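Asks: The chain contents come next:
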Amino acid sequence: MPAWTSRDDITEFGVSHTESGIPVRLSYPPGETSPLPPPGEFPYARGLRADGYRTRPWTFRQYAGFAGGTETNERLRYLVANGQSGLSIALDLPTQMGLDSDDPRAKYEVGRLGVAIDCLADMEALYDGIPIESISSSFTINATALVILAFYVAMADRRGTPREKLSGTVQNDMLKEFVARGAYMYPPAHSVRLCTDLIEFCVRQLPKWNPISIAAAHMRSAGATPVMSDGFMFANAIAYCEAVLDRGVPFDDFAPQLSFLTSSYKDVFETVARFRACRAAWAKIARDRFGATNPRSMTFRVHSGGDIDAMTAAEPINNVARMTLNAFGAALGGVQSLQVPCYDEAYEIPTEDAILNALRVQQIVAFESGVRYTADPLAGSYFIEALTAEVLGQIEAIVDEVTSTGGAIEWITDGRMQAAISREARLWEERVADGREVRVGLNSDKHTFQNDQELAVHQFDPDAVEAQVSRLSKHRASRDSARTAEALGAIADAARQDQNVMETLVDAAKAGATIGEISGVFANIFGDFSAPTGV
Amino acid sequence: MPSAFSVTDLQRVRQLAEALSAAERGGPTPQAPRPPGRSVVGIIGPPGVGKSSVISELAALSRTRGESVAVLAVDPTSPLTGGALLGDRVRMAAHSEDPLVFVRSFASRGHPGGLAAAIPAAANAALALGWDQVFVEPVGGGQNDIAIASCADVVVLLLSPESGDEIQALKAGVLEIADIIVINKADRPGASSLLRVLESAATGPGRPRCMLLSVTDGLGIKELDLALRTPRAPSGRGRDAAHLASVLDDLVGQARASLRAPKAREDVLRLIRSGQRSAAVRRIVEELSHG
Amino acid sequence: MTRVLLAKPGLDGHDKGIKVLATMLRDAGCEVIYTGLHQTPTRIALAALQEDVDVVGLSMLSGAHLELTADVISELKAAGLSDRPILVGGNIPRRDIPVLQDMGVARVFAAGTPYQDIIAWFAAVPGRAT
Numbered sequence: 001m002p003a004w005t006s007r008d009d010i011t012e013f014g015v016s017h018t019e020s021g022i023p024v025r026l027s028y029p030p031g032e033t034s035p036l037p038p039p040g041e042f043p044y045a046r047g048l049r050a051d052g053y054r055t056r057p058w059t060f061r062q063y064a065g066f067a068g069g070t071e072t073n074e075r076l077r078y079l080v081a082n083g084q085s086g087l088s089i090a091l092d093l094p095t096q097m098g099l100d101s102d103d104p105r106a107k108y109e110v111g112r113l114g115v116a117i118d119c120l121a122d123m124e125a126l127y128d129g130i131p132i133e134s135i136s137s138s139f140t141i142n143a144t145a146l147v148i149l150a151f152y153v154a155m156a157d158r159r160g161t162p163r164e165k166l167s168g169t170v171q172n173d174m175l176k177e178f179v180a181r182g183a184y185m186y187p188p189a190h191s192v193r194l195c196t197d198l199i200e201f202c203v204r205q206l207p208k209w210n211p212i213s214i215a216a217a218h219m220r221s222a223g224a225t226p227v228m229s230d231g232f233m234f235a236n237a238i239a240y241c242e243a244v245l246d247r248g249v250p251f252d253d254f255a256p257q258l259s260f261l262t263s264s265y266k267d268v269f270e271t272v273a274r275f276r277a278c279r280a281a282w283a284k285i286a287r288d289r290f291g292a293t294n295p296r297s298m299t300f301r302v303h304s305g306g307d308i309d310a311m312t313a314a315e316p317i318n319n320v321a322r323m324t325l326n327a328f329g330a331a332l333g334g335v336q337s338l339q340v341p342c343y344d345e346a347y348e349i350p351t352e353d354a355i356l357n358a359l360r361v362q363q364i365v366a367f368e369s370g371v372r373y374t375a376d377p378l379a380g381s382y383f384i385e386a387l388t389a390e391v392l393g394q395i396e397a398i399v400d401e402v403t404s405t406g407g408a409i410e411w412i413t414d415g416r417m418q419a420a421i422s423r424e425a426r427l428w429e430e431r432v433a434d435g436r437e438v439r440v441g442l443n444s445d446k447h448t449f450q451n452d453q454e455l456a457v458h459q460f461d462p463d464a465v466e467a468q469v470s471r472l473s474k475h476r477a478s479r480d481s482a483r484t485a486e487a488l489g490a491i492a493d494a495a496r497q498d499q500n501v502m503e504t505l506v507d508a509a510k511a512g513a514t515i516g517e518i519s520g521v522f523a524n525i526f527g528d529f530s531a532p533t534g535v
Numbered sequence: 001m002p003s004a005f006s007v008t009d010l011q012r013v014r015q016l017a018e019a020l021s022a023a024e025r026g027g028p029t030p031q032a033p034r035p036p037g038r039s040v041v042g043i044i045g046p047p048g049v050g051k052s053s054v055i056s057e058l059a060a061l062s063r064t065r066g067e068s069v070a071v072l073a074v075d076p077t078s079p080l081t082g083g084a085l086l087g088d089r090v091r092m093a094a095h096s097e098d099p100l101v102f103v104r105s106f107a108s109r110g111h112p113g114g115l116a117a118a119i120p121a122a123a124n125a126a127l128a129l130g131w132d133q134v135f136v137e138p139v140g141g142g143q144n145d146i147a148i149a150s151c152a153d154v155v156v157l158l159l160s161p162e163s164g165d166e167i168q169a170l171k172a173g174v175l176e177i178a179d180i181i182v183i184n185k186a187d188r189p190g191a192s193s194l195l196r197v198l199e200s201a202a203t204g205p206g207r208p209r210c211m212l213l214s215v216t217d218g219l220g221i222k223e224l225d226l227a228l229r230t231p232r233a234p235s236g237r238g239r240d241a242a243h244l245a246s247v248l249d250d251l252v253g254q255a256r257a258s259l260r261a262p263k264a265r266e267d268v269l270r271l272i273r274s275g276q277r278s279a280a281v282r283r284i285v286e287e288l289s290h291g
Numbered sequence: 001m002t003r004v005l006l007a008k009p010g011l012d013g014h015d016k017g018i019k020v021l022a023t024m025l026r027d028a029g030c031e032v033i034y035t036g037l038h039q040t041p042t043r044i045a046l047a048a049l050q051e052d053v054d055v056v057g058l059s060m061l062s063g064a065h066l067e068l069t070a071d072v073i074s075e076l077k078a079a080g081l082s083d084r085p086i087l088v089g090g091n092i093p094r095r096d097i098p099v100l101q102d103m104g105v106a107r108v109f110a111a112g113t114p115y116q117d118i119i120a121w122f123a124a125v126p127g128r129a130t
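Chains Z, B and S, in that order, give the protein sequences. Number 38 in our numbering belongs to position 38 of the first sequence; there are no gaps in the numbering. Number 229 in our numbering belongs to position 229 of the second sequence; there are no gaps in the numbering. Number 13 in our numbering belongs to position 13 of the third sequence; there are no gaps in the numbering.
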């Protein structure tokens with residue numbers, strides 16, 4: 001039997017067991033756990049900062065809904081003109097999968113879920129008039145993160161913007177793609193190697209860039225319990241750290257640039273315990289496994305993403321209550337950055353009103369609830385302290401199990417991680433289907449639910465695709481193709497010789513290479529991959 | 001949109017698809033004398049050892065020679081629900097747009113021995129319909145599943161360097177029916193020492209050939225391909241036993257099927273409940289001979 | 001014994017729903033072939049033909065369901081499989097349901113449909129290879 005719990009263990013959620021299946025007692029006596037060191041001190045369970053949120057609250061981060069194509073640049077300029085200091089760029093699926101807009105496999109998906117970036121010229125059009133030395137950019141991009149970053153750096157070089165001034169984030173967490181989000185191309189070990197190239201490049205050249213956001217949230221969305229997703233997140237983090245260490249980069253040189261993504265969920269108490277336990281788990285991994293001496297290498301900097309799965313299409317106004325609890329749990333847990341889901345997100349791309357409402361929910365929690373009085377306000381609660389210890393024990397058990405039986409890459413290559421998550425997904429859906437997973441207004445009230453909300457999906461704009469494809473074909477015709485071919489050859493050489501490929505990618509970007517051509521070079525060398533499904 | 005496939009290829013695929021479904025129904029299937037140089041290759045081994053990947057690599061080599069390939073993969077049927085999840089296709093993704101690499105997933109449907117009842121007829125039908133190379137991948141993990149030897153011309157046992165402990169558990173039968181023993185993932189530690197153990201154990205006439213393979217490094221796959229194409233006298237080792245076991249498996253499969261009749265099933269269960277096991281066996285035999 | 005092919009056409013990688021469905025269909029006594037992510041209409045049709053399945057289920061959450069479904073239907077027709085019923089599930093707006101049905105889709109299950117309803121529909125498809 002594994003040393004962690006399952007949804008299978010739950011008798012009654014919210015009464016006898018937490019969301020991850022941890023049994024809860026009627027009451028907790030004093031004296032079972034020893035007091036934790038204060039906030040700002042190792043192992044940081046009680047918070048990264050001694051002053052909690054007194055100086056400033058967490059970062060409120062909400063998506064700005066994005067159009068595709070040329071409208072996007074206008075939208076970015078509008079946001080910058082209105083004082084937004086960070087941009088969040090959604091890219092379409094072909095760009096995420098390394099396919100050019102004219103690739104037959106990209107048919108129907110160009111520009112649908114975000115903007116298409118085929119080459120440096122597209123990136124320059126997107127950022128026309130945007131001051132990249134003062135505006136940070138966040139890209140939700142993984143398999144092609146290093147190509148997108150290469151385009152961005154090439155743009156900066158051509159503008160004369162010093163690389164060290166660039167700030168932003170690429171998600172760049174490939175391992176969770178194999179188990180949860182599915183945007184992968186090459187086998188896991190090669191994918192991690194490319195993630196590593198990007199991290200090493202940023203450590204050496206882009207000190208203000210977050211080169212990876214190691215994510216649990218997508219694994220929980222795919223079915224894992226919250227605690228299981230946290231355990232796998234750390235197992236994945238260890239795989240990345242080992243890969244970067246293999247490059248000869250000391251742990252204390254890159255660890256301060258690592259960031260994490262795990263979310264606040266409906267179970268407020270478990271959420272608080274999880275964020276506390278995650279901080280302690282990471283601090284101990286950094287110090288004891290990797291020998292960190294710099295305190296900044298031991299800090300678990302975390303963004304809590306929006307729990308869209310909690311939103312119901314039925315009676316959407318109820319979602320505002322869920323969002324409030326979600327934000328309150330995250331704040332009590334001491335996160336650095338927070339996105340709450342939008343009340344209409346179960347059935348459409350959030351409207352402007354819904355996005356504003358989500359921001360307001362965050363502000364109400366931050367400024368009207370008193371959650372900022374003191375660091376780690378729930379500390380000393382017998383229940384919270386016991387739950388924190390239990391969650392930490394489970395996370396450490398999962399990490400031990402994975403790392404002692406081959407490590408995350410092997411678990412993903414042979415499908416063990418997928419199988420564990422799929423099993424929990426099935427249990428989750430069964431619980432929703434038979435009403436054990438209570439969803440007020442959906443499966444627990446008296447009247448029959450009729451979904452009268454129309455689902456909105458991204459419309460396909462054939463004209464925009466045609467324009468994008470025609471730009472691309474003009475680009476191919478006008479570039480110096482001998483120079484492009486030479487640059488692509490240099491990428492292949494670096495990839496084969498296990499050298500860091502990033503600089504060759506920046507050169508190729510300047511030589512007019514496309515995202516599909518660059519990804520094709522890697523595909524030829526690394527081969528393609530179909531991840532085990534886990535079922 | 002226009003189809004990606006030629007009409008001729010689609011016809012060939014459809015013909016085989018229908019023949020295999022006929023085999024599953026127990027109906028008549030195309031049969032012909034086995035053409036020279038064509039063979040049915042059985043690939044066995046513990047789960048996770050890389051059977052599908054090796055078949056995928058061998059299929060790629062066959063395709064470069066212009067040969068057509070049929071892969072018949074068996075997954076277990078749940079004895080409780082009768083359902084099955086057939087997952088081998090995912091591991092053959094490299095050929096998923098090539099109509100002449102034909103992959104069919106079979107559910108064992110209660111047939112013992114790691115095969116489906118339809119497999120022997122299906123493999124023969126594929127050869128009779130002109131498919132050049134047939135691979136059979138039984139349910140993984142059977143330690144005593146030697147039925148494959150009764151329908152395959154060549155049996156390849158795939159092991160990994162970590163299989164050292166499993167060798168003890170492998171019943172002699174599985175080792176005895178293997179014509180070729182391959183240590184896959186040979187880039188990992190322990191491969192050479194396992195090879196020495198196997199080579200020293202395999203002595204005498206008809207002993208299996210032992211070799212190393214690493215799909216990721218491309219090591220040994222051409223040698224395995226050549227070994228499969230090199231005619232060799234049937235070793236006979238364990239083959240008679242395998243044929244006998246296979247016939248007995250058929251008998252068990254038929255017995256199980258005959259008990260789908262509610263009357264027979266109830267009779268047998270009543271006898272078992274009252275402790276008359278021998279009478280229960282006789283009742284099944286009676287049902288079989290009438291059915 | 002109903003043989004079911006479950007597939008995700010296109011580039012969308014969200015497969016929690018289709019994997020849960022696959023295990024539930026197995027437990028309902030079906031033989032289920034799940035092809036994994038990123039399938040082209042060509043691959044799906046070839047899989048349906050080689051596996052000689054009784055029914056094809058497609059799951060799409062990227063919004064490209066109209067175009068991708070039309071291509072799958074066209075490829076299935078070229079493979080001579082026009083007689084196999086097709087089911088579509090995922091993020092399907094209600095206004096697209098009649099459009100899909102006009103193309104020849106036998107049944108559309110939009111997001112939020114209880115799994116029991118989907119299982120019951122599959123289980124009612126007669127098996128051919130038994």
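No lab work stands behind these hints, which were simulated from the structure alone. Predicted model, so just to flag it, every value in this text is computed and none were measured. From the three backbone atoms N, C-alpha and C, an ideal C-beta is built for every residue, glycine too. A hint or two may mislead.
To be verified - Restricting the straight-line Cα-Cα distance to at most 27 Å, the calculated cross-link-like pairs of lysine-lysine (DSS-like) are: (1) Z:K208 with Z:K284; (2) Z:K165 with Z:K208; (3) Z:K107 with S:K16; (4) Z:K208 with Z:K510; (5) Z:K510 with Z:K165; (6) S:K77 with Z:K266; (7) Z:K107 with S:K77; (8) Z:K474 with Z:K510; (9) Z:K510 with Z:K284.
Claimed, not checked - Over 10 Å on every C-beta distance to chain Z, these chain B residues come out as not near it, computed from the model: (10) L85; (11) G87; (12) V90; (13) R91; (14) A94.
Asks: Which numbered hints turn out to be false for this structure?
Replies: The structure conflicts with hints 6, 9, 10, 11, 12, 13 and 14, although it agrees with all the remaining ones.
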